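> Sequence:
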Amino acid sequence: MMGLRRASAAERGRVEKFQRAAYARTEATVGAQAIPLEWDYGQILEQCEVWLDESGGALRGVLILRVLDEALFLESIATAPDAAGSGRGRVLLEATFQRARKLGKTRVGLIANGLNPALSWYRRMGFLIDREVEQPGRRVIHMSADVPEV
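The letter at position 29 of the sequence shown is residue 64 when you use my numbering, and the numbering goes up by one with no holes.
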């Protein structure tokens with residue numbers, strides 16, 4: 036899938052370490068723990084597709100997708116801190132849409148903290164807000180987008 040490869044269960048520690056580094060800037064902005072850092076990555080690796088974006092042996096991005104009956108759910112899209120603004124996120128999002136097309140899905144969903152600066156990026160990428168849910172310490176934004184045709 037666009038130069039990405041599936042992570043193995045043996046790479047759990049590597050994925051967790053990457054996610055902590057990637058979401059540190061989001062946590063600093065929103066003032067709360069990022070949702071993907073609350074997860075048990077053993078379960079994530081069993082229940083989801085975890086895709087790795089590597090370059091020269093270095094991990095540049097992690098994409099976590101959950102296949103649902105009605106849609107493909109984008110659990111996490113994370114890039115290396117030094118890759119911010121480089122277009123890696125767009126590459127990972129296009130890989131998400133590519134995977135959805137392969138699976139015959141017409142929608143991609145996601146959730147984000149209402150204070151996450153990535154919300155404007157998601158909107159620019161075609162995601163619309165479906166609903167907002169107040170939770171203790173955060174407002175969770177549920178978004179979805181049509182999978183673009185090729």
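By construction, these hints were calculated from the structure, which means they are not laboratory data. You may find that some hints are simply not true.
What the hints assert, rightly or not - Derived EDC-like pairs (lysine to aspartate or glutamate); straight-line CA-CA distance at most 20 angstroms:
| # | residue 1 | residue 2 |
| --- | --- | --- |
| 1 | Lys52 | Glu84 |
| 2 | Lys140 | Glu184 |
| 3 | Lys52 | Glu110 |
| 4 | Lys137 | Asp104 |
| 5 | Lys140 | Asp104 |
All values reported here derive from a predicted model rather than from experimental measurement.
> Decide, hint by hint, whether the structure agrees.
Checked hints:
no.: 1; hint: Lys52 with Glu84; in the structure: holds, 18 angstroms
no.: 2; hint: Lys140 with Glu184; in the structure: holds, 11 angstroms
no.: 3; hint: Lys52 with Glu110; in the structure: holds, 17 angstroms
no.: 4; hint: Lys137 with Asp104; in the structure: holds, 14 angstroms
no.: 5; hint: Lys140 with Asp104; in the structure: holds, 9 angstroms
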